[in-house]
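Protein chains: 2
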Amino acid sequence: MFKNIKNTLLIFTLVVLSPVHIHAGAQQTEDEIVAAIRDKALKSPLAYEILESLTTEVGHRMPGTPQDAKAVDWAVKKLKSLKFDKVWTEPVSFKTWVRRHESAYIIAPYEHELKVTALGYSVPTPDQGIEAEVIHFNTIEDLIDSKADSAKGKIVFISRKMERFKDGSGYGPAVRARGNGASEAALKGAVAVVIRSIGTDSHRLPHTGMMRYKDNVVQIPAAAISNPDADLLERIFARQQPVKMKLQLNSGPGEEYTSQNVIAEMSGSELPDQKIIIGGHLDSWDLGTGAIDDGAGVAITVAAAKLIGASGYRPKRTIRVILWANEEQGLIGAKAYAKAHQQEMPLHVTGAESDFGAGKIYAFSSHVSPDNLQLVNRMSQLMTPLGIKYVNNQARPGPDLIPLFEQGMSVFALHQDGTDYFDVHHTADDTLDKVDPQNLAQNVAAYVVFAYLTANSEQKISR
Amino acid sequence: MFKNIKNTLLIFTLVVLSPVHIHAGAQQTEDEIVAAIRDKALKSPLAYEILESLTTEVGHRMPGTPQDAKAVDWAVKKLKSLKFDKVWTEPVSFKTWVRRHESAYIIAPYEHELKVTALGYSVPTPDQGIEAEVIHFNTIEDLIDSKADSAKGKIVFISRKMERFKDGSGYGPAVRARGNGASEAALKGAVAVVIRSIGTDSHRLPHTGMMRYKDNVVQIPAAAISNPDADLLERIFARQQPVKMKLQLNSGPGEEYTSQNVIAEMSGSELPDQKIIIGGHLDSWDLGTGAIDDGAGVAITVAAAKLIGASGYRPKRTIRVILWANEEQGLIGAKAYAKAHQQEMPLHVTGAESDFGAGKIYAFSSHVSPDNLQLVNRMSQLMTPLGIKYVNNQARPGPDLIPLFEQGMSVFALHQDGTDYFDVHHTADDTLDKVDPQNLAQNVAAYVVFAYLTANSEQKISR
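Taken in order, these protein sequences are the chains called Z and L.
Heads up: the first sequence begins at 1 in full-length UniProt numbering, then just goes up one per residue.
Heads up: the second sequence begins at 1 in full-length UniProt numbering, then just goes up one per residue.
Since the hints were derived computationally from the structure, they do not count as laboratory data.
Take these hints with a grain of salt, some might be off.
To be verified - Derived DSS-like pairs: lysine-lysine, alpha-carbon spacing no greater than 27 Å straight-line:
1) Z:K434 with L:K434
2) L:K316 with Z:K244
3) Z:K95 with Z:K339
Predicted, not measured: the structure shown is a model, and the values here were computed from it.
All chains, please: the whole structure from these sequences, using the hints.
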């Protein structure tokens, strides 16, 4: 609707369609326009409304469950009702994993029920469960370093607790026990692995998440117990008596399934073929309702695109929102998208994914050509009123952008405060009440700044 | 071992037996002795060790379960190992209630699993569960005020949220829905009642607790859902479509059972027949491990009596620690004790029960004859260094002291900070990690001051 001349816009009309309050007829700089949409976003309840709708009307969205299909339907309807210019879906196929009964008990030297969850893609135990002595390792590294057959016939318990950091950097070192614990335990002769949940909380709500089996290693069941239960088990081990556990997991691999990446666009005014990619993943784990992981990312990025699209100002390039299918079980939607759109990679200008909850954004980073750093500098100035500081030009892609990044796309990262993120991540506690509407709106405002400036840049953004 | 002359003690010997460091041979005031034991208590890990032992080696102690008997055994052994002068048990009989499978789902207009727990003494649903439309009341008062048959054939949902206060005063107004919700709902034709948990947290861990059926009213099943689930249900109701739920509770009444009050004494040096009653209840609900409710009370009062008993100073009167059986299901142990000891009521001088978690004590109150207020004043001075202020002479008895109070016993109340108490009260989250060892030790120190001064008072304490 409007034409952009350098960074200055000549405003022709400002009709009711445009809810951004800039004095009609005045010449506005692009910075003033972005600031106006940003400030409107700060006051907009839209993202929270979207998140409320998703968590209330759909709930969890575990890949391949009936909830997955409901979420796709919900997303298509929601994006259409928000009057995106284009809304469509693209197929994503994978083998499902089905959660069924799961229970764990300490049966000696004392009797306790443990709060347990199977890890994603774990094989089941025999129907009657496994009863075995438990062997305790502080870390997966200790397990790896133990002698051959150290865990023969036993259930391995790995007790390392994840550390709490604002940037979530405690996750990487801790999550190895989840990803590889089963195969490393099997290599030492174990019959199952039970890990302390990869989480920073102290609630009886275990954290699920993916694990992987190594090739040519016996596949043994894998589960996580809650932090208080892991504390209890450590206290029992301190008594230096044999510890026995009964573990029953009926979860296991299911059928082939085809879900959908849900994609929507606010078309660019001049270079509509060029795309700025934002989004979050639509799937979630099944224990909670996927409010922070990643309903928040869905809500933030849909709201940001909508607020730009409805602002009365339309940037040059298209803002494409991708609600990724099945991120949780291995970036399946992201890989399918990258493969399907391989020929159009040069049209994927840059992107940012929101997938770290709903905490306030406190910093951002870029991974662009040095030629683009002037734009980044302007972005930084527009982020400053949001309390957001520029970090450096070494941004890592959000998970679903990894396949695009690997094919050469530039990326930005908007860093959320993740201090509390791993309290509820992948647990039953991932529910709407954990989300602060003000923080969510601040995220939207930051995505507005990022998406508008990159979509409207005179200069092409590249790596 | 030592004789008390007014408030002054002549110390004859201070051998290795006594870990309280007061210079041997010096004349000590009673205040100095109490202060020394109090300050030793502040540094003692004993209460935490007792609580660690109970929650690790026994776990939950629901009345009438095998865990109940294990707890009695644990308590007798622990008290004997702590060298109390006398340790014994007294029988407490009641009809048990047995928890079995429990589940709840919203099945229309959306599908959600709810985290649910049966309320204590609820009757079961039919085996296949109940499927019915849900009718929403904000409060039990709204339910009572609704027209006859307002809930005919429906499941009543009461959504009032308990308010958070330091003194726990949000509990009373909220808990009516738990106690009476079933009968009030039945009077309006309901087939079941589901309440928002009586708790101040936002976790997917429902709070159990006792309910009661009114005489001559149809008995319908009663359950509580977690706060986030109640939020969800409220959001669904806001959409003004019919809401349906499937509720399955197989819990219900069980057999007759005989548990035990576990009683131990540090005998008085001059008036051993006169008793100062301290204690907590040994039973707990079954969802957690009963760390704050009421393992903490057990640990605090046992440690206080032990520290006095082992101090080398022995007050005139006996300190009797009672670990009450089955408080949770109706003060059954307290009533049995009061009945069994009716003839000895005049020998029950005064008492205080610790049954409000493990938060710091910030105040205390008394309910004694005005003649005793000079002692209370001295108590206040010895409490001051612990950050504890005297409130007034209108103390209410701890729950298990109600039957003794009703028979005329004077009482004290040591007020704990309960700001967080109802976050975990009666949930799976009632575990050791919720207890701060320093706060627990501060509680012990306060009970030392209370028990020593009342046990050693020249003047008899009365109402």
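Results for each hint:
1. Between K434 (chain Z) and K434 (chain L), the direct Cα distance comes to roughly 20 Å. Compliance with the 27 Å bound is thereby established for this hinted pair.
2. Of the pairs offered as hints, the one joining K316 (chain L) and K244 (chain Z) is violated, with about 49 Å between alpha carbons and a cut-off of 27 Å exceeded.
3. About 18 Å separates the Cα atoms of K95 (chain Z) and K339 (chain Z), which keeps this hinted pair within 27 Å; it holds.
Checked against the numbered hints given earlier, the structure breaks only hint 2 and satisfies all the rest.
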